[in-house]
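Each chain, written out:
Number of protein chains: 2
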Amino acid sequence: MPTLLLSKKEVARLLTMDLALASVKTAFRIYQGARMQQPPIVSMAVDAHQGELDLKSCYVPDSELISIKIASGYWNNPKNHRLPAMHAPLVLLAGKTGYPLCIMDGSLITGYRTGAAGALSAALLARKESRTVALVGAGNQAFMQVMAIKKVLDIQEVRVFSPNRHRVAAFKKNLQDHLDITVIPCEGVEETLRGADLLITATPSEKAIVKRDWVKAGTHIIAIGADMAGKQELDTSILKAAKIYVDSLSQCLERGEVRNGLLQGVFPASHIQGELGDLLLGNIEGRRGEEDITLFDATGMALQDNTLAGGIYQLARERGLGTRLDLF
Amino acid sequence: MPTLLLSKKEVARLLTMDLALASVKTAFRIYQGARMQQPPIVSMAVDAHQGELDLKSCYVPDSELISIKIASGYWNNPKNHRLPAMHAPLVLLAGKTGYPLCIMDGSLITGYRTGAAGALSAALLARKESRTVALVGAGNQAFMQVMAIKKVLDIQEVRVFSPNRHRVAAFKKNLQDHLDITVIPCEGVEETLRGADLLITATPSEKAIVKRDWVKAGTHIIAIGADMAGKQELDTSILKAAKIYVDSLSQCLERGEVRNGLLQGVFPASHIQGELGDLLLGNIEGRRGEEDITLFDATGMALQDNTLAGGIYQLARERGLGTRLDLF
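Those protein sequence lines, which keep their order, are chains A and B. Note that this note's numbering has the first sequence beginning at 1, numbered continuously upward. Note that this note's numbering has the second sequence beginning at 1, numbered continuously upward.
Calculated directly from the structure, the hints in this document are not laboratory data. Hints are not guaranteed to be accurate.
Just so you know, same-sequence chains aren't split out, so a pair can sit in one copy or run between any two.
To be verified - Straight line, CA to CA, 30 Å or less: simulated DSS-like cross-link-like pairs of lysine-lysine:
no., residue 1, residue 2
1, K96, K8
2, K96, K207
3, K9, K207
4, K231, K207
Source: prediction; values computed, not measured.
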């Protein structure tokens, strides 16, 4: 039996934000029903080359698919080796037999599913008339968040800040190539927040870069950057003032933005409203009024990789895309 | 940059027991120098289909190779799906950049490197004039152990027992197709041990199947089967009487044959002589005389997969074997 191999280009042809949104919704439903096995993430730090590696694995009985994503980040690759910073070979096995069904480039999947999770939180928690997004960070994840949110809210303006001006210029061009949207480069975080309905933080920051006074009532915040212990983007007083939702309680307590406030004793764990999946299923309460500050803390789940990769695999088979090779 | 894909057939053309022996020796030297990162094994049990999955990963700075082996075992596959019970896609990344250099079938690697580790223990610990092997179990690993040991000792006779007579018959034919050796099927474990110089246990047993009285002075024992908590092949009194060497102290304490005797208080951890790599390097003492019973407890290491897969990758490039595909 041949294994299907899908290159980055082939995945790019199949992967859409609509597929990502549907797959992430499916993932949150599965998660809330605990209908999956998701072992702890295995991490390696390759300090000599400023690299890191995460193995994210998940088994979903509903689809009978096991996924293993081997995600590496080597931040000096573009400069030193003319290679992408991130690689992510992803292997899909049949849950019934362990047979390796498909090996694909999973590097685009992370961006899409993380964007889709942020957008799902915006659809559930942001004020419906939200028009302006404050964006801190101008990398790939910042881009994916806006691409995804535009699918669920009628966003007209993005106010963006990054200390890297070249990156902001590239971000503006790239986003306007894809969307009919106004992009306003700002001089600092405070300026991005003027008149903003949503705040997205997508930086590798290790200390708070957003102050409480800058966040107006009614804002929905999507906290993407902090995904491991030691990272922080928001002043803990913002989290104290907000209604907080997380993708995975166990992961966020261990490596999310909420970890910082909990460790410092700014608020107790009971301050967290619950998981986004429970909000999606109507099990917990969302925004109560126009004045609430709501916050979604995302750390990313192997389960989201699993459902999205499964969708791509199915599309590839339907459309006859990819290379079939007898490997195993 | 293309990624090299190596099928099971191509790996079979490149993989030899000599390469496995050399690679496993290299692995033990690296391990004793702690020149690697070897995260904990990630395991999933797919109980609905009697399947299991282990992710074994390792980074070796010496070679700048990161390996991830995705090893599954679905014991009903041959009967229910006409598929092998074991699959093991193995991904090799460049340690310097994270780039996926090679994806190969790693299912043969496990057998070869485990056989080679057993043979290395025999070369270091068995009596030089050993001629007769008692073999409990007649599966693939039993076969690989004999194939490997024949490389380091002048073995003339294999006395084999398995409750499955068909398997014993197939084992005998298969081994005699490969080696000039006498194979004697036995009616039970006790009978295999009559006159044996070496004892190899390679079963999935969960209780002791070898009694102390059956093991004569001077025997070298290779305990392969017990590689996770709950498995046992040897009466703990055998371990108490033996000089014990392990592949990895931390792994064997957690999931090796020695775990059972320690848990039952039959002997203290200090009864274990040390790691085979330290014996290889001359850091610890081996067999003292003809009467010693020596024992090697093997749980298998991701590091061994790494060095052997690295050797196969290098050979494949030298010989121009495999399929090159732009995937990432």
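Broken hints, numbered, in rising order?
3
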